[in-house]
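All chains, please: the whole structure from these sequences, using the hints.
As they're listed, the protein sequences go chains F and B. Mind the numbering: the first sequence is residues 33 to 529 in my numbering, read in order. Mind the numbering: the second sequence is residues 23 to 339 in my numbering, read in order.
Treat the hints with care, as some may be off.
[What the hints assert, rightly or not] Straight-line distance between alpha carbons at most 25 Å, and here's what the computed SDA-like set of lysine to any residue pairs gives:
1) F:K356 <-> B:K139
2) F:K88 <-> B:V329
3) F:K236 <-> F:E371
4) F:K356 <-> B:V142
5) F:K413 <-> F:P283
6) F:K374 <-> B:L195
7) F:K356 <-> B:V230
8) F:K291 <-> F:E347
9) F:K176 <-> B:V142
10) B:K139 <-> F:S357
11) F:K356 <-> F:D408
12) B:K206 <-> F:D408
13) B:K141 <-> F:V173
14) F:K211 <-> F:E239
Rather than coming from a laboratory, the hints here were simulated on the basis of the structure. All values derive from a computational prediction rather than experimental measurement.
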Amino acid sequence: MGDVILNIIGLSKSYAGIKALDDVRLTLKKGEVHALMGENGAGKSTFMKILVGLVKPDSGEIVLEGNRLEKSDVNAILKKGISMIHQEILIVPELTVAQNIFLGREKEITGSRTGWLNDQNIVARATSLLQEMGVDILADVKMKYLSVAQMQMVEIAKAISNDARVIIMDEPTSAISDKEVATLFRIIRELKNKGVAIIYISHKMDEIFEIADTITVLRDGKYIATKNASELDNASLIAMMVGREIDKMFPEPVAEKGKAVLSVKNLSKKGKFSDISFEVRAGEILGISGLMGAGRTEIAQAIYGLALADSGTVEINGQEVFIKSARDAVNAGIGYVSEDRKGLGFIPELSVKHNVTLASLPEHRRGIFISDESEDKAVNKIIADLKIKTSGVGQKVTHLSGGNQQKVVIAKVLLSSPKVIILDEPTRGVDVGAKFEIYKLIHNLTAQGIAVIMISSELPEILGMSDRIMVLSKGRQTAMLTRKEATQELVMKYSVQ
Amino acid sequence: MENRLATKFRSVGQYGIFLAFAIICLGLALSTPKFFTLSNLMIIGTQVSINALLAFGVTFVIITGGIDLSLGSMVAVTGVLAATFAHPDTYPVIVPVFAGLAGGLILGAFNGMVITKSKVPPFIVTLGTMTIGRGLALILSKGRPISNLSDAFNFIGGGNMFGIPFPIIILILAFAGCSVILNKTILGRYMYAVGGNEPAARASGIRVNHVKMWVYTICGLLSAMGGILLTSRITTGQPNAGAGFELDAIAAAIIGGTSTSGGTGTMTGTLIGALLIGVISNSLDLLNVTSYYQQVVMGAIIIGAVVLDSMGKEKSV
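See below:
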């Protein structure tokens with residue numbers, strides 16, 4: 033690591049009198065991977081938005097290579113060498129990879145003065161750029177045919193072509209597989225060697241310790257500390273982030289196990305999964321583990337009627353049920369909390385109240401009307417039970433934090449009184465404090481005798497929460513482990529079998 | 023922290039239309055004494071009623087994320103249908119009314135069925151129905167206006183009750199009915215859910231296709247009410263009536279804050295939108311502005327309303 037490339041001092045920003053950022057500082061050196069950590073609402077995103085020129089700070093200064101950046105807009109900052117890889121990738125799907133990489137810079141790249149495009153030229157340049165990065169992506173295919181991980185690589189290529197010396201990565205691994213993470217990390221290390229500095233935002237602890245040199249923690253908009261990654265471990269980092277020790281991340285399972293609630297027999301869907309059989313008992317948590325593409329979500333969606341299986345049976349309390357749609361599943365007593373919270377979980381423009389009762393509205397019907405009284409009663413109770421933090425039941429869900437959005441979706445499913453609930457990546461994109469609350473919530477469900485299926489990519493979560501663990505690999509069921517026998521190594525072994 | 027700011031801006035966006043309407047009315051009242059007379063207000067109410075009925079219908083549709091371009095043609099078909107049974111000394115007045123409503127119901131349900139079964143975008147399906155409807159109106163009437171309608175039928179669009187023009191009474195009842203459907207029933211809640219995020223609505227166990235069927239059918243019924251009202255008012259069943267009405271109705275909904283991307287909108291907003299359009303064309307009449315200019319003004323208002331609305335939204339991000 034070399035000289036200081038970026039120095040940020042005394043950065044503050046208020047919205048309507050409330051401080052989103054309060055005197056935040058950060059020093060970034062050449063060739064450094066600097067992780068920025070903090071719970072949701074800690075001020076990370078405001079900080080990043082200021083850095084790339086999307087938001088103007090109230091006070092503070094940003095010094096890039098000795099020059100103070102003043103009143104810079106997005107384009108000027110890009111030209112000065114700060115690029116951002118957004119969490120939700122910003123691309124034009126109908127344009128090619130090359131066209132996306134050089135979008136907005138066609139004239140300077142091709143040297144054309146007339147405005148005529150020279151696609152051959154930019155394809156050649158994009159190809160050599162991608163080859164240099166060592167990624168196998170064709171420069172002349174349309175962006176829409178790429179996987180999320182490949183799109184991310186294209187974004188990084190774009191940053192490199194912009195001669196970026198500081199690259200900000202916002203949750204770059206939230207939607208890519210483990211193998212793709214390895215490729216990403218290889219590229220990050222190469223960038224490091226070339227002296228590029230990286231600000232890395234992620235909730236995933238193991239990643240942070242693998243890739244980051246330095247860690248800065250923000251909490252409630254305030255700067256807490258900057259430490260070398262080697263000085264910290266999981267527990268001390270979490271303590272810095274939440275401001276208190278979470279001594280036991282996973283509460284001990286307490287619920288009594290009852291009879292089998294859900295029994296799945298020989299469930300198969302061509303090209304997705306085959307011959308899946310398992311049962312979940314009342315009060316039990318069944319963890320489902322496996323790599324990307326193992327068929328976890330597909331099985332859940334088949335049981336819930338979102339994407340039907342080709343063959344196999346599903347029984348609830350020993351009675352076979354025929355599920356052709358999500359509505360059938362809800363009626364049969366199955367609840368599903370999707371991994372795709374934004375896509376399948378909630379209606380962003382509807383209020384918390386209206387989202388929460390969406391799956392159980394007929395219960396509040398009086399004649400042709402919805403009874404406000406009955407609805408409010410149910411909503412207030414579940415909001416209190418789940419400790420959902422809102423400014424009121426009328427608040428739109430889109431304005432809640434990730435953790436609270438997830439609780440709204442869980443509340444919706446709970447109000448439809450499920451006997452079995454499938455939680456697909458229940459803590460994805462949720463900060464540490466809220467994760468702990470969701471774990472406690474899951475235990476409360478089991479205490480009420482609900483059978484829980486939990487799908488998760490995070491091994492510690494699976495091991496810490498599950499009574500039994502079903503491991504999948506390429507659509508096949510490779511193991512069913514008890515809580516006692518399961519270890520990280522064993523689960524991984526069966527995942528790649 | 024950002025939330026409070028966001029709410030602030032949104033509420034300005036929400037009430038902006040009311041504010042604009044109030045300011046325009048005040049300005050008109052001050053600039054022309056004729057505006058704020060009872061008789062002029064009755065005229066405005068009567069003129070607005072048909073467009074408002076259609077606008078209520080299309081508001082439902084737009085909230086679910088759809089669109090209905092066949093409103094104008096449905097007005098013509100249902101008007102002609104009603105007129106066919108409305109000659110003096112033939113049937114009681116209830117028959118032409120039901121004939122018209124049945125026509126609207128069938129065409130609306132047809133829209134809903136094709137849209138839900140075929141997955142063809144509503145824009146295209148209703149564009150087709152628009153042409154089909156126009157053709158049906160010409161077939162049913164053999165291309166000629168149907169006149170000589172009974173007095174009872176002509177009362178619907180031309181009569182008074184308690185000194186209030188009958189169309190205004192229909193308008194008020196329809197507004198109340200539509201508001202109740204949208205705000206107080208499960209169907210109304212599901213409309214917002216379907217328009218706000220269709221996959222999530224389906225995953226919540228909502229029968230999305232049922233909701234859509236209802237919405238297009240209700241829209242057809244409201245168009246039929248508009249068609250009957252129009253036929254009665256002009257005392258003729260005109261196969262060419264209602265051309266372009268769909269655009270005025272959509273404009274009213276949009277001015278009233280209904281987002282074309284679905285998931286948001288209110289009946290009150292749409293009512294104000296329709297009234298705003300009515301008030302402006304009325305006042306431009308009073309101020310002797312030619313109809314050519316009126317169209318330019320109206321277009322500018324539509325764009326202006328949406329620009330203001332989207333500015334409010336952007337700030338809240």
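- Message: For a C-alpha distance cap of 25 Å, please report whether F:K236 and F:E371 respect it.
- Response: Between F:K236 and F:E371 the Cα gap is close to 16 Å, so the pair holds against 25 Å.
- Query: Is the hinted pair F:K176 and B:V142 satisfied, with a Cα-Cα distance of at most 25 Å?
  - Reply: At roughly 22 Å apart (the allowed maximum being 25 Å), B:V142 and F:K176 satisfy the hint.
- Message: Against the 25 Å threshold, does the CA-CA distance of F:K291 and F:E347 hold or violate the hint?
- Response: Measuring from Cα to Cα gives roughly 13 Å; hence the hint holds.
- Task: For the pair we were handed, F:K356 and B:V142, check the Cα-Cα distance against 25 Å.
- Result: This hinted pair holds, its Cα atoms lying about 23 Å apart.
- Item | Satisfaction of hint between B:V329 and F:K88, Cα-Cα up to 25 Å | Measuring from Cα to Cα gives roughly 24 Å; hence the hint holds.
- Would you check the hint for F:K374 and B:L195, treating anything up to 25 Å between C-alpha atoms as holding? violated (38 Å)
- Query: Straight-line Cα separation of F:K211 and F:E239 no greater than 25 Å?
  - Reply: holds (13 Å)
- Is F:K356 close enough to B:K139, meaning Cα to Cα at most 25 Å? holds (17 Å)
- Given hint F:D408 paired with B:K206 - CA-CA distance at most 25 Å: At roughly 14 Å apart (the allowed maximum being 25 Å), F:D408 and B:K206 satisfy the hint.
- Item | Hinted pair F:K356 and F:D408, Cα distance within 25 Å | violated (31 Å)
- Task: Quickly compare the C-alpha distance for B:K141 and F:V173 to 25 Å and report which way the hint goes.
- Result: violated (29 Å)
- Under the criterion that the straight-line Cα-Cα distance not exceed 25 Å, is the pair B:K139, F:S357 satisfied? Cα-Cα ~16 Å, so holds.
Hint compliance for this structure: hints 6, 11 and 13 are broken, all remaining hints hold.
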